[in-house]
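**Q** The whole structure should be built from the sequences, with the hints applied where relevant.
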Amino acid sequence: MEVIEQSIKSRFDVTKSDNLRERKVHTQTSVVVRSLQILAVIIGLAAILMLFPGVERIGQSLLASAGIGALVIGLAARSVFANLIAGLQIAITQPIRLDDVVIVEGEWGRIAEITSTYVVVRIWDDRRLIVPLSYFIEQPFQNWTRTTSHLLGTVFLYTDYTVPIDAMRTELRRLVEADANWDQRVCLIQVTNATESTLEVRALVSAGASGALWDLRCQIREGLIRWLQQNHPTALPRTRVLMQPTDSPTPSTPSPENETKILEAHIEENTGGAGTLHEINDVAATPDNPPASSSPDEPGRLPDGAPPPPRDPT
Numbered sequence: 098m099e100v101i102e103q104s105i106k107s108r109f110d111v112t113k114s115d116n117l118r119e120r121k122v123h124t125q126t127s128v129v130v131r132s133l134q135i136l137a138v139i140i141g142l143a144a145i146l147m148l149f150p151g152v153e154r155i156g157q158s159l160l161a162s163a164g165i166g167a168l169v170i171g172l173a174a175r176s177v178f179a180n181l182i183a184g185l186q187i188a189i190t191q192p193i194r195l196d197d198v199v200i201v202e203g204e205w206g207r208i209a210e211i212t213s214t215y216v217v218v219r220i221w222d223d224r225r226l227i228v229p230l231s232y233f234i235e236q237p238f239q240n241w242t243r244t245t246s247h248l249l250g251t252v253f254l255y256t257d258y259t260v261p262i263d264a265m266r267t268e269l270r271r272l273v274e275a276d277a278n279w280d281q282r283v284c285l286i287q288v289t290n291a292t293e294s295t296l297e298v299r300a301l302v303s304a305g306a307s308g309a310l311w312d313l314r315c316q317i318r319e320g321l322i323r324w325l326q327q328n329h330p331t332a333l334p335r336t337r338v339l340m341q342p343t344d345s346p347t348p349s350t351p352s353p354e355n356e357t358k359i360l361e362a363h364i365e366e367n368t369g370g371a372g373t374l375h376e377i378n379d380v381a382a383t384p385d386n387p388p389a390s391s392s393p394d395e396p397g398r399l400p401d402g403a404p405p406p407p408r409d410p411t
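If you want this note's numbering, it's the position in the sequence shown, counting the first as 1, plus 97.
Derived from the structure by calculation, the hints contain no laboratory data. Incorrect hints may appear among the rest.
[Said to hold, decoys possible] FRET-style restraints, in silico, Cβ to Cβ:
hint	residue 1	residue 2	range
1	Glu293	Gln186	48 to 54 Å
2	Ile145	Val217	28 to 34 Å
3	Pro192	Gln326	42 to 48 Å
4	Leu339	Val283	36 to 42 Å
5	Ala137	Gln281	21 to 27 Å
6	Pro261	Glu293	19 to 25 Å
Quick reminder that beta carbons are idealized off the backbone N, C-alpha and C, glycines included.
**A** Here it is in structure tokens:
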């Protein structure tokens, strides 16, 4: 059987880029051969036992176990038979194939081997995850290459509100056109969110395989960050703090009423409360105390329009 298996697989090259059909044939061949091997062991063991006298009944029971009796024996070995049946389901429906890119239990990897009872998933860091066949029938998982190997990938950047979006689109186009991993299907820049301090900018690109997509995303991320640093450093995320001076009274010109009050308070302070500003002015205007001259050349001159002081009768 192994010779037949290798002969069939040799006709289908899984190393080429578009290998969906080849992987399908390899998967079906592996699962069917494993199932036939188990069935051949059961039938062979039963046939050998039937050759011995007195053991025919045991051989007949083993043969019957392959049919209706398998339901009874299956109660004791339900998990084993569940995996065998799951293997046949996988061979027919093919939710997974050899070299499929899957995410199982949060781990990213490829289907490396499919046996009669379990599947070996090769994790990206060369670890191996062993998963029962029934898991892929009963539990949800991600298969990135179920129908095609083409994938879309995202790169998120967080920038200031001053970032030039149109210029960033031009730079993204330049970066993907210079990268051989891009399959020329999708190249977009979109602002997907805005917070009080930053913009969330998403670059959406496409590639022909998951490995190429990973490399492309890393190159795009590095290229856009380098472009921002060199050409638009102010567009990188910043924290703004607005500083405002505290409210302080501004000097203003006092009104005439306030000037009078201020002057009266000053006079009262200097004269010990001898009188108000009006009283002092009245005293200064008596005949014995003529008002001060407005001109140093004309002492005792009255202001224009003021009546002359009365004469002394003596």
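**Q** Each of the hints needs a verdict: does it hold here or not?
**A** So, going through the hints one by one against the coordinates:
In this structure, Glu293 and Gln186 meet the distance hint of 48 to 54 Å, their C-beta atoms being roughly 52 Å apart. Checked against the hint of 28 to 34 Å, the pair Ile145 and Val217 passes, with Cβ atoms roughly 32 Å apart. Checked against the given bound of 42 to 48 Å, the beta carbons of Pro192 and Gln326, roughly 45 Å apart, stay inside it. A C-beta distance of roughly 41 Å is found between Leu339 and Val283, which places it inside the suggested range of 36 to 42 Å.
The hint said 21 to 27 Å for the Cβ distance between Ala137 and Gln281, and at roughly 50 Å that hint is violated. Judged by the Cβ atoms, the range 19 to 25 Å given for Pro261 and Glu293 holds: they are separated by roughly 21 Å.
Hint compliance for this structure: hint 5 alone is broken.
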